[in-house]
Amino acid sequence: MRCVNTDVPSIDGKGLMMGKPAYADDLAAPDSLIVKVLRSPHPFARITNIDTSKALALEGVECVLTYKDFERRPVTRAGQGYPEPSPHDKFILDEYVRHVGDEAAVVAAIDLETALKALDLIDIEYEVLEPVLDFEKAYGHKSIVHNEPEIHEMFPIGFEPKKNVAASYNMHVGDIDKTLAGCDVLLESSFYTHAQAHVMLEPHTANARIDYQGRLVIYSSTQTPIHVRRIVSQALGYPLSKIRIVKPRVGGGFGGKQCVHGEMLLAAITLKTGKPSKIVYTRKEVFESSYSRHPMRFDIKLGATKDGQLKGIDMHLLSDTGAYGEHALTVFMVAGSKVLPLYNKVDSVRFNGEVVYTNHTPGGAFRGYGAIQGNYALESAIDMLCEKLGMDPTSFREKNMIREGETSPIFKIMGEGTEGTAMNMDSCKLDYCMTRGKELIGWQGKYPCQKDEEHKVKGIGMAIAMQGSGIPNIDMASAIIKLNDDGFYNLLIGATDIGQGSDTVLAQIAAESLGVDLDKIVVYSSDSDLTPFDTGAYASSTTYVSGNAVKNAADNMRQMVMEEGAKALSVDVDHITFDGEVIKVIDSDQIMTLSQLANRLYYNEDHKQLVATNSYVGTKSPPPFMAGFVEVEVDTETGKVDVLDYVAVVDCGTTINPKLAKVQVEGGLVQGIGMAMYEEVHYNSKGTLITNNLMNYRIPTRKEITNMHVEFADSYEDSGPYGAKSVGEIGIDTPPAAIANAIYNAVGVRIQTLPITSEKVLMGLLQKRQEENDKSDEDTHYA
Amino acid sequence: MLRVQLTINGYKKELDVKPDEYLLESLRKNNYLSVKKGCDSSSCGVCTVLLDDSPIASCTYLTVKADGHEITTVEGIQKEAELIADFFGKEGADQCGYCHPSLVLTVYAMKKELVKPSDEEIRAYLVGNLCRCSGYLGQHKAIKAYLEVAV
Numbered sequence: 001m002r003c004v005n006t007d008v009p010s011i012d013g014k015g016l017m018m019g020k021p022a023y024a025d026d027l028a029a030p031d032s033l034i035v036k037v038l039r040s041p042h043p044f045a046r047i048t049n050i051d052t053s054k055a056l057a058l059e060g061v062e063c064v065l066t067y068k069d070f071e072r073r074p075v076t077r078a079g080q081g082y083p084e085p086s087p088h089d090k091f092i093l094d095e096y097v098r099h100v101g102d103e104a105a106v107v108a109a110i111d112l113e114t115a116l117k118a119l120d121l122i123d124i125e126y127e128v129l130e131p132v133l134d135f136e137k138a139y140g141h142k143s144i145v146h147n148e149p150e151i152h153e154m155f156p157i158g159f160e161p162k163k164n165v166a167a168s169y170n171m172h173v174g175d176i177d178k179t180l181a182g183c184d185v186l187l188e189s190s191f192y193t194h195a196q197a198h199v200m201l202e203p204h205t206a207n208a209r210i211d212y213q214g215r216l217v218i219y220s221s222t223q224t225p226i227h228v229r230r231i232v233s234q235a236l237g238y239p240l241s242k243i244r245i246v247k248p249r250v251g252g253g254f255g256g257k258q259c260v261h262g263e264m265l266l267a268a269i270t271l272k273t274g275k276p277s278k279i280v281y282t283r284k285e286v287f288e289s290s291y292s293r294h295p296m297r298f299d300i301k302l303g304a305t306k307d308g309q310l311k312g313i314d315m316h317l318l319s320d321t322g323a324y325g326e327h328a329l330t331v332f333m334v335a336g337s338k339v340l341p342l343y344n345k346v347d348s349v350r351f352n353g354e355v356v357y358t359n360h361t362p363g364g365a366f367r368g369y370g371a372i373q374g375n376y377a378l379e380s381a382i383d384m385l386c387e388k389l390g391m392d393p394t395s396f397r398e399k400n401m402i403r404e405g406e407t408s409p410i411f412k413i414m415g416e417g418t419e420g421t422a423m424n425m426d427s428c429k430l431d432y433c434m435t436r437g438k439e440l441i442g443w444q445g446k447y448p449c450q451k452d453e454e455h456k457v458k459g460i461g462m463a464i465a466m467q468g469s470g471i472p473n474i475d476m477a478s479a480i481i482k483l484n485d486d487g488f489y490n491l492l493i494g495a496t497d498i499g500q501g502s503d504t505v506l507a508q509i510a511a512e513s514l515g516v517d518l519d520k521i522v523v524y525s526s527d528s529d530l531t532p533f534d535t536g537a538y539a540s541s542t543t544y545v546s547g548n549a550v551k552n553a554a555d556n557m558r559q560m561v562m563e564e565g566a567k568a569l570s571v572d573v574d575h576i577t578f579d580g581e582v583i584k585v586i587d588s589d590q591i592m593t594l595s596q597l598a599n600r601l602y603y604n605e606d607h608k609q610l611v612a613t614n615s616y617v618g619t620k621s622p623p624p625f626m627a628g629f630v631e632v633e634v635d636t637e638t639g640k641v642d643v644l645d646y647v648a649v650v651d652c653g654t655t656i657n658p659k660l661a662k663v664q665v666e667g668g669l670v671q672g673i674g675m676a677m678y679e680e681v682h683y684n685s686k687g688t689l690i691t692n693n694l695m696n697y698r699i700p701t702r703k704e705i706t707n708m709h710v711e712f713a714d715s716y717e718d719s720g721p722y723g724a725k726s727v728g729e730i731g732i733d734t735p736p737a738a739i740a741n742a743i744y745n746a747v748g749v750r751i752q753t754l755p756i757t758s759e760k761v762l763m764g765l766l767q768k769r770q771e772e773n774d775k776s777d778e779d780t781h782y783a
Numbered sequence: 001m002l003r004v005q006l007t008i009n010g011y012k013k014e015l016d017v018k019p020d021e022y023l024l025e026s027l028r029k030n031n032y033l034s035v036k037k038g039c040d041s042s043s044c045g046v047c048t049v050l051l052d053d054s055p056i057a058s059c060t061y062l063t064v065k066a067d068g069h070e071i072t073t074v075e076g077i078q079k080e081a082e083l084i085a086d087f088f089g090k091e092g093a094d095q096c097g098y099c100h101p102s103l104v105l106t107v108y109a110m111k112k113e114l115v116k117p118s119d120e121e122i123r124a125y126l127v128g129n130l131c132r133c134s135g136y137l138g139q140h141k142a143i144k145a146y147l148e149v150a151v
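Listed in order, the protein sequences are those of chains W and B.
Residue 1 is where the first sequence starts when you use this note's numbering, and the numbers rise one by one after that.
Residue 1 is where the second sequence starts when you use this note's numbering, and the numbers rise one by one after that.
Calculated from the structure, these hints are not laboratory results.
There may be inaccurate statements among the hints.
[As the list claims (entries may be wrong)] List time: in silico DSSO-like cross-link candidates among lysine-lysine, alpha-carbon distance up to 27 Å: (1) K111(B) x K12(B); (2) K242(W) x K272(W); (3) K117(W) x K29(B); (4) K65(B) x K14(W); (5) K14(W) x K29(B); (6) K482(W) x K584(W); (7) K65(B) x K117(W); (8) K112(B) x K13(B).
Taking the hints into account, I'd like the entire structure generated from these sequences.
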C-alpha cells in the first residue's frame, strides 16, 4: 500500500494551525447583518401579544420577524435522509415556545449592540403554561407539549403527540417471558443516562448572502449540507434550486451539527432584506437552544443458566427528546440495535419503549447516538449478572459474545427508524480485542481490585462495544474525479469533513487507487453546487460509504486513463500497464507519462476531458468492535475516582490513516470518560438549564487525561474500501460502563445513574458501611 | 468610541473601539481571523492571544485595557506555527483545528517562559486550552517533540 494504511499528515491541519481563514465566521461578508434571537424565558408558554414596532424603529435595525411572518410549514431540523424518521414538529417560529431558550422572534441589525438593544425593545407577553419537566411523568401528562394540528410523522414511527409521545417502538425475538422463567439466575435493574452536551469548540455559526446570480448562498458549520438545503427549502417554501450550501472547515461537530441551527432564520432574513447576514451562537445558546444527548432510563432483565450462558435480554427504554423530536426514534432504536447483537447466543430478546416530549432543551444526534446509553446499561447489567453467577466478567463475555462468521437476528429486524438488514460478521476480531486488552491492562492479577494505601483502592473493569458503518440502503455518497493538465486530479466529494479528517482519508483512498502520491489529489468537499450528493457526516459513515464511492470513482478514472493512454499509444488496452504515473506498452520501450497524456488530451489532440464519477450505498453496515478496559483508583474517604489507565483495542478493519484513527479513538474515549465522570446536566425547578456555560459544565482537560493506550486489531472488511470499517463513534461507547464496573470492582459501589460523581460514590460507600454496621448489629443481636 | 494604540504582530495600529468592546471582537473586526470565539467566559482558550508575550483570553479582555501593549496572534508567528504544525501532523493530532491557533500561541509562550518543563508543568500551563476532538495525548506528544528541537 502506497497511501492507505499510512500515517500521512492531514491535508488541512497545517493551514488551520497557522490560522488561515477557513471557518464559517471567517468567511462571512464583512458587512453582514448581525442576527440575534429573542429566546423564551419560560419552559412552556403561548405568546399572547408581540409588538416589534419599537425594535423596528431603532436606527440600524433592518428586520424583525415573529411567527406572524411565516406560513405554518412544519419541518424537522434533524439532518437525516428523506423522508425523515423524525416527526415534523418544528416551525421556523411558532406561537408557542416549548423550552427555555426556544425561539420567539428574530432581529437583524447593523451590529451586535444594536441587535441586542432591539431584542430588549420587543414587547412580548406570554401566557405561561404548566411545563412537563419530568420525563418519567410525561406520558399522558395533562400538559401536551405539541398540540398543533399541522405536525405529523413522515411514516409510522409511533407518533402520539396527544400523549406526549414523539415515537415508540417494540420488537421481540422468541418468547422472553418464557425464557426468563426458565433461567437459573435472573437480574433486574434500572439505569439512567443524562443529557451530555457536545461542546464542539466552534459554536453554531452560519452566514447567508444573495450572490450575483441571485442565489441564496449559506455558509454553514454543518455536518449535513445537503439536508440543510432541503430543510431550508421546505421551511421557507423557497426553491431548492436557488439555494447553495457551502460547508467550510468545521470546528467540531460530534453529531451536534447534524441539525439546522439558525439557518432557517438566517435565510429568511437575507431573503427579506436582500442583505448578507450572519448568526454566531453564544455558548449559552449552544447549551440551551441547540440540543444535547437524549437522557434515557433503561429497565433491564437478564436471564442466564448457572454455567454462565446468557439466555434472554429484556430491555425497556424511556427516552426524553425534550421539546422537539429530532432523532427521537433513531437514537432510541440504536440504543438497542448497537448493543443487543453483542450477545447473540440468547434464545430471546425484547426491546421496547417510548420517546417522550418534555419542555427541556431537545435531544438530538451525538456521537455514540444511543449506543453509548445502551452500552452503559447493558454492560453494567452484564457485570451485575456475572457477580450473581460468580463468574469473571471477561470469561462470561468470551462465552456469550458475537464472533466472526456469526450473525444476530437483531440486524434484520432493527435499522434506524426502519427495518434493518441481515448481515454476517465477515470481519469481527472482538475475541482478539478481548485477549489483547486483558493482556495490556493486566487483567489477571489486577481483577477485581488491589488495595493501595489506607484509603485508596484500585479496581479494573471493562466493557465491549460495537457500532455500525453507515445506514445500509439509506446513506448514499458520490464522488467525482477530474484529471487536470499536467496529470494531477481534483477529488470532488459531498462528504463532510468536520475535523475527523475525512478529506485526508478520502484523498488517501483516491491516491491509492490512482497510484499517485497524496499531493496529486486536490480535494473539494461539501459545496452543494459544486460537489456531488452525500448524505453527510453521521452514523459513522464517511470512511466506509463515501470511501467506497471515492474508490469506485477512482477505479473508473484509472480505467479511463488506461483506455485513452492505449489509444494515444495506438495499442489495445490489454497491451499496456499503468502504474499511476507511466503508461507503458508491454514488451516494448514505448511509454507515455500521465502528464504527457493529460497535456495531449487537453492541449494537442483528442480534446477530451476525463471526469469519472461513481456512487455507493451500503447494503450492510459492518460494525467496528472494541474492548475497553479501565483501571481506576477510588479514594474511600472522599469518593474521588481517578482514571489511571484506559486500554482500547479496536477492530475497525484496515485503518486508512492509523495515527488519525488512533487520535479519533482517543478523542472518543475522552468524551466517553467525560460523560461517565465529569459532565453534569442540571435544570432548576423552573425548567432552566443551570449548566449552560463552560464554567459549570466541565469537560475533561489535559490534566485529567494522562494515560490511554489505543491499539487496532489486524482486521480486513471485504466490503469496505481497502478493508476499512468506520471508527468515528466506537471510541466513545465503553467508558461509562467500564468505569462503573471498575468502581464496583474496587469498592463494591454500583452507580446506576450517570454521571458517576464523587458524591455518588461516597454516598454509596457510606450506605454500604451503614448496611454492614446494621448487619453486624443484627448478628450480635442474634448471637 | 475610544482610540487605542496597539502593536499587533509587530505593527503599530490605532483602533477605534467601544468602551465595552472585548479584544476578541476588535481583532476579528480588523481581520485577525485566526482568533476564534468559543465560550464567552475565558473557559475554553480558543480566543487566546499574547499580550506582551503572555497568553490571555481575548473574549473577556477589554480592548481599552490593552492600550499601549503588544498583541500577538498566530499571524505574527507563522514560521513557528508551521514548525509546530509539522509535529502535530506527525502525531495525527490536528483534527478540527479550531483550538489550534490559540494552542500554538500558548505553546510558543510556554517555550519562552519555562525551561525544560515536565509533563505535569506542560499540562498545567496548557490546561486552559481545551480540545474536544483529540483526547490531548497526541497533542502532548507533538508538543514534547517540538520542545526538544526548538531550543
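Against the structure, the hints:
The suggested pairing of K111(B) with K12(B) holds, with an alpha-carbon distance near 25 Å, which does not exceed 27 Å. For the hint pairing K242(W) with K272(W), the CA-to-CA distance comes to about 15 Å; that is within 27 Å, so the pair holds. At roughly 20 Å between alpha-carbon atoms, K117(W) and K29(B) fall within 27 Å of each other, so this suggested pair holds. A C-alpha spacing of about 32 Å is found between K65(B) and K14(W), which places the hinted pair above 27 Å, so the restraint is violated.
Taking the CA atoms of K14(W) and K29(B), the gap is about 24 Å. The hint holds against a cut of 27 Å. Between K482(W) and K584(W), the direct Cα distance comes to roughly 22 Å. Compliance with the 27 Å bound is thereby established for this hinted pair. Restraint check for K65(B) and K117(W): satisfied, since their Cα atoms lie roughly 25 Å apart, inside the 27 Å limit. Between the alpha carbons of K112(B) and K13(B) the distance comes to roughly 25 Å, so the proposed pair stays at or under 27 Å and holds.
Of the hints listed earlier, the one the structure fails to meet is number 4.
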